[in-house]
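Enquirer: Add 8 to the 1-based position in the first sequence for this note's numbering, that's all there is to it.
Just so you know, the hints here were simulated from the structure itself, not pulled from any lab data. Each residue gets a CB set at the ideal place from its N, CA and C atoms; glycine is no exception. Take the hints with a grain of salt, since some may be wrong.
Claimed, not checked - In the PhoX-like style, the derived pairs of lysine-lysine whose C-alpha atoms are separated by at most 20 Å in a straight line are:
id	residue 1	residue 2
1	Lys81	Lys36
2	Lys122	Lys81
3	Lys122	Lys79
4	Lys174	Lys227
5	Lys87	Lys103
6	Lys103	Lys85
7	Lys355	Lys400
8	Lys122	Lys44
9	Lys88	Lys103
10	Lys79	Lys44
11	Lys44	Lys87
12	Lys272	Lys297
13	Lys113	Lys90
14	Lys400	Lys385
15	Lys299	Lys272
16	Lys36	Lys174
17	Lys113	Lys103
18	Lys44	Lys245
19	Lys44	Lys81
Claimed, not checked - Just the calculated beta-carbon pair ranges, DEER-fashion:
id	residue 1	residue 2	range
20	Lys36	Pro313	23 to 31 Å
21	Leu102	Lys81	16 to 24 Å
22	Leu102	Glu357	46 to 54 Å
23	Phe249	Lys90	33 to 41 Å
24	Glu116	Gly61	15 to 23 Å
25	Thr159	Ala406	35 to 43 Å
26	Pro238	Glu392	48 to 56 Å
27	Ser389	His206	19 to 27 Å
28	Asp276	Pro238	40 to 48 Å
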Amino acid sequence: MHLLTDIEQPLVEVLASMEIAGVRVDVKALADYSLKLTEHMNELDQECHNLAGQPFNTASPAQVGEILFDKLKLDEKAKKTKSGQYSTTEEILLKLQDRHPLVGKILELRGIRKLLSTYVNALPALINPTTGRIHTTYNQTVTATGRLSSTNPNLQNIPVRSDDGKEIRRAFIPATGNVFFSADYSQIELRLVADFSHDETMMQAFAHGDDIHAITAAKIYHQDLASVTPDQRRKAKTANFGILYGISAFGLAGRLNIPRGEAKMLIDGYFNTFPQVRQYIDRSVAQAKEKGYVTTLYGRRRMLPDINSRNAVVRQFSERNAVNAPIQGTAADVIKIAMIAIYRQFKQEGLQSRMILQVHDELNFDVVPGELEQVQKIVVSEMEKAYQGKVKLTASHATATNWLDAH
DNA sequence: AACCTCACG
DNA sequence: ACGTACGTGAGGTTC
């Protein structure tokens, strides 16, 4: 069993080596994409002014709110933020999309502006002129759970979900002549829940190597796996994530956009299916209330001073933290153990390939082609060896010419 | 510097 | 009756 000190101290050197190695980006591709996106953004900006019947700053949430709610009256009881202005988040705008063509344009514009300002235009400026690469800083002492964070730039939130976002991730490339290798844990947090709770049903699902969200749906809805609909699977998947975050019927209902009653039935069905998961969650909260903190498998503590607060809102927030922190934190510990083992093994075998990026459950490498087989073997086996519980961890991997396609 | 919004796991 | 998913970092607006 590892001690926390066997992780944190050696990791300092590992992180330093990753920062020094850095990552290469295709500047030409980003520059071309910047031109294209900027043109599109300017068109959208003009269209927004036309649709609003007046010029306004589309980048100002306050002005967007005034146009949508004061001028166009799209929602009589529009939600306000705590500072008193209209809230215009993506979630709210999506629900108003059918009421006026301006709403969709604002959403489209915001998406493009975000990618341009935060990534496409910002990243080239952070290329080190000496190395020609981007060198992030990994912080080991920032998060409450034991995760790393990444700053200047943050390389743990590079876009991947939208089509435009994918183009940005595609611009992350290996050194000339090298290949990009990526490996990530499959469902690490849910697997830890299965192991911590010893829930028979969940452990079996993972042992069988099945689609965990589909299995969950089949059990909750009492159906055959084959007859699970995409919508049932989606709901089960959201419920699974909810468990990791300390679920509530209200929160789940909001996420799924379903009535609270249905959310409650979903949760009841979930805990009927996985009874030991509920017991595990209860144990986490009980431990927090008794000791004032919770711990990861390796002893990392999260202090929870508000766990016995008389203020229900404050207390329940702590209770969700009590559930989430051991799960998220143990996953963080596990990948750190793997990173140290991989670093040492690379060194021992004299490899020139480099570990360059960590994104919570994923590791990325700039690999000399002749070393690919060795790298693959070391990375996957050390990631899977890093945690030896009843439920095994698995790591999937891929090799490509860029970060996007290495998934 | 606070606030809002949104990118990721 | 209350307000509710967990963890981050960064850019733009506003004051």
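Enquirer: Now tell me if each hint is right for this structure.
Expert: Comparing the hints with the structure gives:
1. Under the criterion of a C-alpha separation no larger than 20 Å, the hint pairing Lys81 with Lys36 is inconsistent with the structure, at around 44 Å.
2. At roughly 26 Å between alpha-carbon atoms, Lys122 and Lys81 are farther apart than 20 Å, so this suggested pair is violated.
3. Among the hinted pairs, Lys122 with Lys79 is inconsistent with the structure: their alpha-carbon atoms are about 26 Å apart, more than 20 Å.
4. Taken as a hint, the Lys174 and Lys227 pair is broken in the structure, with Cα atoms around 35 Å apart against an allowance of 20 Å.
5. Of the supplied pair hints, the one linking Lys87 and Lys103 holds, its CA atoms being roughly 12 Å apart against a limit of 20 Å.
6. Restraint check for Lys103 and Lys85: the C-alpha separation of about 13 Å stays at or below 20 Å, so the hint holds.
7. Only pairs whose Cα atoms come within 20 Å are accepted, and Lys355 paired with Lys400 is rejected, the gap being roughly 27 Å.
8. At most 20 Å may separate the alpha-carbon atoms for a hinted pair to count; Lys122 and Lys44 meet this at roughly 14 Å.
9. With a C-alpha separation of about 16 Å, the suggested pair Lys88 and Lys103 falls inside the 20 Å cut-off, and the hint holds.
10. Taking the CA atoms of Lys79 and Lys44, the gap is near 32 Å; set against the 20 Å cutoff, the hint is violated.
11. Note on Lys44 and Lys87: the hinted pairing is violated, with a Cα-Cα distance of about 35 Å set against a maximum of 20 Å.
12. Proposed proximity of Lys272 and Lys297 is contradicted: the alpha carbons are some 25 Å apart, above 20 Å.
13. Restraint check: the Cα-Cα separation between Lys113 and Lys90 comes to about 26 Å, which exceeds 20 Å; the hinted pair is violated.
14. With a C-alpha separation of about 17 Å, the suggested pair Lys400 and Lys385 falls inside the 20 Å cut-off, and the hint holds.
15. At roughly 30 Å between alpha-carbon atoms, Lys299 and Lys272 are farther apart than 20 Å, so this suggested pair is violated.
16. For the suggested pair Lys36 and Lys174, the alpha carbons sit about 16 Å apart, so the restraint of at most 20 Å is met.
17. Annotation: proposed proximity of Lys113 to Lys103 holds, straight-line Cα distance about 14 Å (limit 20 Å).
18. The suggested pairing of Lys44 with Lys245 is violated, with an alpha-carbon distance near 36 Å, which exceeds 20 Å.
19. Taken as a hint, the Lys44 and Lys81 pair is broken in the structure, with Cα atoms around 34 Å apart against an allowance of 20 Å.
20. With their beta carbons about 52 Å apart, Lys36 and Pro313 fall outside the hinted range of 23 to 31 Å.
21. The hinted range of 16 to 24 Å is satisfied by Leu102 and Lys81, whose Cβ atoms lie roughly 19 Å apart.
22. Between Leu102 and Glu357 the C-beta distance comes to about 51 Å, which sits within the given range of 46 to 54 Å.
23. The beta-carbon spacing between Phe249 and Lys90, approximately 26 Å, falls outside the hinted interval of 33 to 41 Å.
24. One distance hint, 15 to 23 Å for the beta-carbon pair Glu116 and Gly61, holds here, with the actual separation near 19 Å.
25. Distance hint check for Thr159 and Ala406: the Cβ-Cβ separation is about 27 Å, which falls outside the suggested range of 35 to 43 Å.
26. Checked against the hint of 48 to 56 Å, the C-beta distance between Pro238 and Glu392 comes to roughly 30 Å, which is inconsistent with it.
27. The hinted window of 19 to 27 Å between Ser389 and His206 holds, with their beta carbons roughly 26 Å apart.
28. The hinted window of 40 to 48 Å between Asp276 and Pro238 is violated, with their beta carbons roughly 22 Å apart.
Comparing the model with each earlier hint shows violations of hints 1, 2, 3, 4, 7, 10, 11, 12, 13, 15, 18, 19, 20, 23, 25, 26, 28; every other hint is respected.
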